[in-house]
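So the chains spell out like this:
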Amino acid sequence: MLFNSLTFVVFFVVVVTTYWSIRSWHVRKNFLVAASYIFYGAWNPPFAALLFSTTAMDFWLGRQIGKAKDRQSRRGWLVASVCMNLSMLGFFKYGNFLLQNFQWLLARIGIIYQPPHLDILLPVGISFYTFHSLSYTLDIYRGVLQPTKSLRDFILAVSFFPQLVAGPIVRAGDFLPQLVRPPSLRAGQFLWGLLLMTMGLFEKIVLADMMLSGAADRVFSYGGPLIAVDSWLGVIAFAGQIFFDFAGYSSCAIGAALCLGFHLKDNFRFPYAAIGFSDFWRRWHISLSTFLRDYLYIPLGGNQVPALRAATNLVIVMFLGGLWHGAAWTFVVWGLLHGSYLVIERVCRVLFEHKPWANNLGTRAMAGFATYVAVCIAWVFFRASDFTIAARMLRGMFGGHAHADAILSTREMSQIVLVTIGMIVAHWSLRDSNIETAAQRFPRWVVTAAWAFMACAIIFTQGNSNAFIYFQF
Amino acid sequence: MRSFTSNFKNKLRLPRLFFRKPLPSESVHGGPPLEYERPIPQQPWRGIAVIVVLVVIAATAAWEFYSRSIGYAPTLNDNEDLWTLARRKVKPESIVIIGDSRAWFDVDLDEIQKGLGKQPVQLAMPGSCGYPVLADLAKDENFHGTIICSVVPRLFFAPPGTPPMERGEKAVRRFHAQTLAQRASQYLAMPLEERVAFLKQEELTLDDFLKRLPIPNRPGALVPPRLPPYFGTIDRERRARMIEECARPGSELAKQIQQIWIPLFTPPPPPTYIPKEQFMAKMMEAIEDRFRDTIAAVEKIRARGGKVVFVRLPHSGGLKDLEGRVTPRAQTWDPLLKRTGVPGIHFQDFPELAGFNCPEWSHLSAGDSVEFTRRLVPHLRAALQM
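Residue numbers (our numbering), protein chains in the order written: chain A, 98 to 570; chain B, 2 to 387.
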C-alpha cells in the first residue's frame, strides 16, 4: 500500500481511529501487528508469510544468543542469523544477478552455460525489513540489547507499517523500548505528525513526481547524445527527485508513527548542504549509514587501524552499501565512487585541515559546491540502467558530443532550476538546525499557510500513485 | 530554562543509551526506557489545523466550481486500473474491442451487444497500439472469443519503446501484477471521480496547468507535441462519449483539437545521432517485426477457435489527408490483411460507413457513434461469419 494512494488514506484513518479507541495496550499492539501485516499483504499476501518467518527465526535466534554462555556459541547463533537473513536477501534480490555474472564468468573461460531464468518476484521492502530484523540479533550479540520476551512486540518492531517497506531502518533497540508503556494521545504531537505526513506527500507528489521526474526520465531514457545543459539538468533533476522521493517517504513514516505515538529518528538532515562526503553521509539516509557504520565499518576496525586499512574498509562498506541498493553493477560503481570520495576527503583533511584558509567561508562554500557536484556525478550511475547510458550521460555533461540534441522544454528547465535553487537554499539555511526548530520559529500564520498550501497542492496535483523509488530496493 | 531545541540537540549528542548494559528494571526488552523523543514545535496546533481544514475545503470547492464553469464534468480517469477492471471481465468467449481511441469513441457497446448478441469488453486505449493487448489475449490459453481490433497505422505499427506501445504494455503489466491495494484504490476512486469534476489526472492537474503556460522553447529543442484537451467522458464499462462542446459543428474546442492532431500524427524527424538510412532500415525492421508478431498472435487465437477482425474507423478533414500521405493504405492496411489473413472492414470501402464526419477530425460524436455501429454490425457479422 502506497502512502500516496486512496487506499492508504482510508487505511490510516481506520487504523488511527481504532488504535486510539482501544483501551488495552496489549490489544492495541495486537491491532497494530494486524494492521501492519494487512498493509504489507496488500502488495502480495504470500510475502507476509515470508516476513513472518524471517521475524520469528530472528526472535528465536536472538533468544539463543542471549542464552548462550560462551562466546563461541553466541557467535555461532549470530552467524546463523546473519546467514539466514542474507540468504533470503541474496535469493530474492541477487539470485538472477549472481546467475548472470556466473554465466558471464564461465563465458570468459570458454564455457557456454545458459542458466535457467529464475522468475523471482522481489518482496517489497526486503532490504529494509531484513536490516530491521538483523539489528536485533546483532545488538544482542554485542551485548547492548537483551532478547525481548514478547514475540508479538518483536514482530511489531520489525513490521511496524510506517517504516516497514522503505525505512527509515529502525533498529529493534530503538523501537522495542517504546512498546513498554502505552503512549498517550497528545493533540500537538498528533497534528505535528499529520503536518509531517502532508510535507512528505508534498515532497513526493508535487516536487519529485510533478516538478522533476518527467525531465529526469526523459533525459535518462533519451537514446541519443545530449547537449551539456540538458545532461546536467537531467542529473540535477534526478538529484532533487530522489531526495524528495525518499525524504518524503521518511517524513510520512515519521509523521504516521507520531500519530500513533511512536518516535522514529530523522533519516535525512538537509544533505545537499553537506560540506564533504562524510558530512553528506551523516545527512543522507542516516539510518542506513549508521547501520553500516555500527555493524560493518566499526567491526572491520573503523578508524582504529592504519590509514590504508581504514581507507580499504571505507571502500568495502560503500561497495556493500551500493550493492544493497540494487542488484546491478551500476549501483556498485555508485557505491565505489562514494567510497573513493570518502577516501579522497580523508587525504585532503590530512593535508589541508590545519591550513589557515581551510575553514574560511569561501573554502567551505567551494567544498559544499564540490560535494554537490560530485554527488550529482555519482547519481548518474545510480539512475542509469546500464553503463552505456551512464557513459553517454557523462560525455554529455562534459560536452563530449560533437552533435547533440536539446530535449528539455523551457518550462521543464525552469522547473528544475527553481526547485533546485529552493531546495539548496532551504538546506543551507537549515543545515545546522532542524524542521522542528523552523516550525517553531515561524509565525503561526506562516505555518498555517504552508500547511494549507501543501495540502491544496497535493489535492490539485492529484498524482498517479507512482511508487516511491526506494520501494525497488 | 533551556528551550526544547537545545534539549533536542543535547539528546542527539548523547551516546545511545542502549549501548550500555541496561539496568534490571529497564530490561523488559533489554533496552532502556524511551531514550529518544521527537521534539514537537510549540504552536497552537488545534487552531492551525482548523484553519487549514477550512482553507482546503474552500479551495477545493472553488476549484470544483471553476472546473465545472469551464465545461468539465465528472468522469472516470482512464488509467491502467480501470483498464484492468475491464480486462478481468474477459471470459473465454467474450467479444473484445482493442486498439486506439477511435474504437473507444466510435464503437457503441450497446449496439454491438444488440447486433452480435454479447456485451463486448472495451479494452481499446487512447493513443495506444493494439498489439500488446492482442499478444496478451493470444497468450491467454483460455481465450477463444472474438477480437475487434481498430487499426490506426501510425499507432499499430509504432516501434517498441514508443508511447503507443508503452501505454498498451503498461496496462497489460498492471493486469498481471495489480496488487490488492491498487485494486482497492480504484474502487475507492471511482465514486469520487464520478462526482467530482476536477479529478482528471491528465487535465486539471497543476502539472497540466504548467504545461499550458505559453513559454517559448529553444530553437531546435526536440519537445514532444501537446496532447488534446478534455473532449470525452468515460464510464465504468470504459464506454467513451464525446462531449457536446466538441461535437458541436465548428466549435472552438473541435478546431483546437484538429490543430493538435496534425503535429501528433506527423512523424518526427529522424534522430540526428543515427544516419538516416540506418534509421529507416531500423524502422522497416520494426514494422516487419510487427507484421510477424501479429501473424503469430492471430494464428494462436485462431488455433483455439477464436476470431479476429481488423477495422479502420472514420477520420476526416486534414487528418485524413495526413494519414493518407504518411501511412498510405497500400503500405499498411492492405498488407496487414493480406499477410495475416484476417478479415478487415475499412470505412472508406462502404458508402454507408464513409459518410460520417468527425467533428475534431479523428472521432465520431456520441450520436454518430451509435448510428455508425448500427451500420457496422452487418459487416462485422459477415467478416466473422456469424
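Some hints could be false.
Straight-line alpha carbon distances no greater than 20 Å define the calculated SDA-like cross-link-like pairs of lysine to any residue that follow [what the hints assert, rightly or not]: (1) B:K140 / B:P192; (2) B:K212 / A:A425; (3) B:K277 / A:G321; (4) B:K201 / A:G311; (5) B:K283 / A:L515; (6) A:K362 / B:E38.
Rather than coming from a laboratory, the hints here were simulated on the basis of the structure.
Since the structure is predicted, the reported quantities are computational estimates derived from the model, not experimental observations.
Hint numbers contradicted by this structure: When the structure is compared with the hints, numbers 1, 2 and 5 turn out to be violated.
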